[in-house]
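Colleague: Sequence:
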Amino acid sequence: MKALYNILILCLLPLFIKAHPVHITVTNIEPNTIKACFEVSIKIFTDDLEQAIAQQLNKNIGLLAQQPSPDINKLFLSYINDHFKIKINDQYIHPSKVKFIKYSVVENATWLYFEFKIPNKINHISLYNNLLNHLYPDMTNLVIIKWNQQEQGLTFTKSQTEHILI
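In our numbering, the protein residues as written are 14 to 179.
Simulated from the structure, these hints should not be mistaken for laboratory data.
A hint or two may mislead.
Below, in silico cross-link-like pairs of lysine-lysine (BS3-like), each with a Cα-Cα straight-line distance of 25 Å or less [what the hints assert, rightly or not]:
1. Lys87 <-> Lys48
2. Lys100 <-> Lys130
3. Lys87 <-> Lys72
Okay, the calculated beta carbon distance ranges per label pair [unchecked claim]:
4. Asn71 <-> Ser139: 26 to 34 Å
5. Ser139 <-> Ala78: 36 to 44 Å
6. Ile157 <-> Asp103: 20 to 28 Å
7. Thr174 <-> Thr46: 24 to 32 Å
8. Ile114 <-> Ala78: 20 to 28 Å
Glycine residues also receive a C-beta, built at the ideal position from the N, C-alpha and C atoms.
Put together the whole structure using the sequences plus the hints.
Modeller: Written as structure tokens, this is what we have:
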């Protein structure tokens, strides 16, 4: 009986979730000089993240039902590695070098936390971000990056998926 109840809740849940009119993600990238790494945090609406992973990876991460998949960290990392890339000195950071730290759900948003080592010398940095672009034509991805005592804000859209910083 409980299983039937859970299935019913899962089927009806989308009817009760308010669709939000804004399609946006916010990403922060900043160096941690003590750990010699870049720390990356991505804020994304939970319902959008679930839909994106379900569509691309054919998996339900279970956040909206508060029953997270045992593979949730791998699913997050797989989706992010496909849609958010950092290129340093003309080489993308290899997915094996990106360490997933944790995730947290705050109200209707999910925060994803990652890090990767800072190379010894950085001549060029460029970013690629098309998070959720396959879901929404009006998708906007904002990125705030701190580097060399400067902070820069970048806007990524369906038609502008890459920016060169330095």
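Colleague: Does each hint hold? Answer for all of them.
Modeller: Hints, one by one, checked against the model:
1. Lys87 <-> Lys48: Holds - the C-alpha atoms of lysine 48 and lysine 87 are around 23 Å apart, at most 25 Å.
2. Lys100 <-> Lys130: Distance of about 13 Å is within 25 Å: holds.
3. Lys87 <-> Lys72: holds, 11 Å
4. Asn71 <-> Ser139: 26 to 34 Å: Distance hint for asparagine 71, serine 139 holds at roughly 31 Å.
5. Ser139 <-> Ala78: 36 to 44 Å: At roughly 38 Å between Cβ atoms, alanine 78 and serine 139 fall inside 36 to 44 Å, so the hint holds.
6. Ile157 <-> Asp103: 20 to 28 Å: holds, 23 Å
7. Thr174 <-> Thr46: 24 to 32 Å: holds, 29 Å
8. Ile114 <-> Ala78: 20 to 28 Å: holds, 24 Å
Checked against the numbered hints given earlier, this structure breaks none of them.
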